[in-house]
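Peer 1: Every letter in the sequence shown is one number past the one before it in my numbering, and letter 472, counting from 1, is 587.
To be clear, the hints were calculated from the coordinates, so they are not data collected in a lab. Here the structure is a predicted model, which is why all the values come from computation and not from measurement. Some hints could be false.
[Claimed, not checked] If you anchor each label on the Cβ, the simulated ranges turn out as follows:
#: 1; residue 1: E504; residue 2: N233; range: 24 to 34 Å
#: 2; residue 1: A479; residue 2: K551; range: 42 to 52 Å
#: 3; residue 1: F217; residue 2: S375; range: 44 to 54 Å
#: 4; residue 1: A479; residue 2: D230; range: 20 to 30 Å
#: 5; residue 1: T391; residue 2: S426; range: 25 to 35 Å
#: 6; residue 1: D231; residue 2: G419; range: 33 to 43 Å
#: 7; residue 1: T360; residue 2: D152; range: 54 to 64 Å
#: 8; residue 1: D231; residue 2: I358; range: 27 to 37 Å
#: 9; residue 1: N153; residue 2: G419; range: 36 to 46 Å
#: 10; residue 1: T360; residue 2: N250; range: 49 to 59 Å
#: 11; residue 1: N359; residue 2: I462; range: 34 to 44 Å
#: 12; residue 1: Q159; residue 2: I462; range: 25 to 35 Å
#: 13; residue 1: E173; residue 2: G419; range: 46 to 56 Å
[What the hints assert, rightly or not] Pairs of lysine-lysine, DSS-like flavour, derived with a Cα cap of 25 Å:
#: 14; residue 1: K591; residue 2: K551
#: 15; residue 1: K598; residue 2: K553
#: 16; residue 1: K591; residue 2: K553
#: 17; residue 1: K557; residue 2: K603
#: 18; residue 1: K434; residue 2: K192
#: 19; residue 1: K606; residue 2: K553
#: 20; residue 1: K192; residue 2: K260
#: 21; residue 1: K551; residue 2: K603
Glycine included, every Cβ here is placed at the ideal spot set by N, Cα and C.
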Amino acid sequence: MKKFIILVFLFFLETNSFSQCQQIIMHYECLSHEITDNAIYVCQGDTIIMNAWGEYPENDTYYHQDDATSQFVWMYKYHTDAVYRPDDPIWELEFLFARTVFTDTSQLSQFIVVDDENFNIGLNILDIDSCLVSNNGLIHARVLKSPVIEITEAPDTVIVGDSCLMTATFSANPFREYSGGGFGNTIPPEDLVTVEYSHMKQIDFFEDDDIIDSIGEIEQICVILEHSYLGDLIISLTCPWNINTGNPETLTLQYYGGGSAYLGEPVFDPGYGWGTGYDYCWSPIPDFSTMTSEASSESLLPPGNYTAYESFSKLIGCKKNGFWSFHILDNWWIDDGYVFDWDINFIDGLKTIYNYEDAIIGNAWSGAEFSNPESLSTNVYFNEPGEQEILFNVFTENCAFSEVEMVVVLDTALSVSNAVSENIQIFPNPANNFLKIKTDQKINYTVYNYIGEVLLIGENTLVDISRLSSGVYLIKLRFENGKEQIFKFVKN
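Please build the complete structure, drawing on both the sequences and the hints.
Peer 2: Printed below as a string of structure tokens:
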């Protein structure tokens, strides 16, 4: 397939206080799939091959850089979180992957697609001086969905040499994903004993140029929180970038005030961990006034939608994609407080962003001999004993999908080699409760199921099969001269 190379220029983080970081320019390519609009389309079972290398324009200014001494970390993931911990001696951006599929530290990375869920591919390059360039959303991997396939009129058990009619149906399964709804995932409880709590989450499911055009696009901003003193808190949300101001824009949700009102059910003894967090939200269509106003009549604020300290209009012009950060400034260290999670909710069905279908180009049966393998209905011929996989395959422009039906083919070779010429009849067939054997000879019989288990043994010419389940069975007759013959019958 066509190879596509992208050159990405990214900022770098200074992580060494004793030397100056040198610039790293990240290059990467997908060797296995074509990149289109920052996405690749893959099938389940595909192997994705990614290659990366660095460019070091400031090499040997302070220290030596090259790919041999740099570390490449590929990340295949569903969600990305980033946590800033202000108690660290330097600003450290720690990426936590809630559902990491696979992490690879090879410069040339290979990943086999197992599930049918879409995921992102990210890359970090860390040079010998621990300077980092990072992009956690290089490529969106969109896994093409299987058509809806069904095989009908398939038998469970047959005898070698049998044939039967099998039919399949299928229909396309286009993929459509709506932006909107909630964004966020559970994070470990964070203790509000430091000066500031800050947590970032990446949104990447909108078009790159999508911005907030009106406050009606935002349903609510929520946090699960417990805190013992509302009056010392400043709570805010910062968007990735506002095209109107040319900067990330911060919306203040709560600004001081409220005195000793509780948020949630706090625990004052640190030895007992955290208390019970309540779900507090801010919405353009609130149920309550500001937290400060509500605290004048409430000692414990109830969960619900509150009025923000500032107007949501500050977020108009903000890019939807990118790192959104939630901040709580706790101005009094002695009180209790924990943050459990936060999220931002856009209105459902805001925009259809992924809408694609892998066109069906053909179908075929496989696994046995068929009268018409490319037809939806075909006669199937079973020529070998054992468990046999009958597959109906649907081919799309990019993938192949199969529905499998297992059929047990019973071996009746003994009945051929040991056949006798005596006139014998077994009736009725199919039978309900009794099977009659018509013969002039003395016989013994043994009834087997399709996997060869012995179910009945007797000497009579009237066989009671009333306790057998519905299905296909074999009955072996042994004659007084030592010869044997096998018959197939069906129990209704």
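Peer 1: Hints first: check each against the structure and report whether it holds.
Peer 2: Status of the hints after comparison with the structure:
no. : hint                    : in the structure
1   : E504 x N233: 24 to 34 Å : holds, 29 Å
2   : A479 x K551: 42 to 52 Å : holds, 44 Å
3   : F217 x S375: 44 to 54 Å : holds, 49 Å
4   : A479 x D230: 20 to 30 Å : holds, 26 Å
5   : T391 x S426: 25 to 35 Å : holds, 31 Å
6   : D231 x G419: 33 to 43 Å : holds, 38 Å
7   : T360 x D152: 54 to 64 Å : violated, 28 Å
8   : D231 x I358: 27 to 37 Å : holds, 36 Å
9   : N153 x G419: 36 to 46 Å : holds, 39 Å
10  : T360 x N250: 49 to 59 Å : violated, 24 Å
11  : N359 x I462: 34 to 44 Å : violated, 21 Å
12  : Q159 x I462: 25 to 35 Å : holds, 32 Å
13  : E173 x G419: 46 to 56 Å : holds, 53 Å
14  : K591 x K551             : holds, 13 Å
15  : K598 x K553             : holds, 16 Å
16  : K591 x K553             : holds, 14 Å
17  : K557 x K603             : holds, 20 Å
18  : K434 x K192             : holds, 22 Å
19  : K606 x K553             : holds, 18 Å
20  : K192 x K260             : holds, 19 Å
21  : K551 x K603             : holds, 13 Å
Of the numbered hints listed earlier, those contradicted by the structure are 7, 10 and 11.
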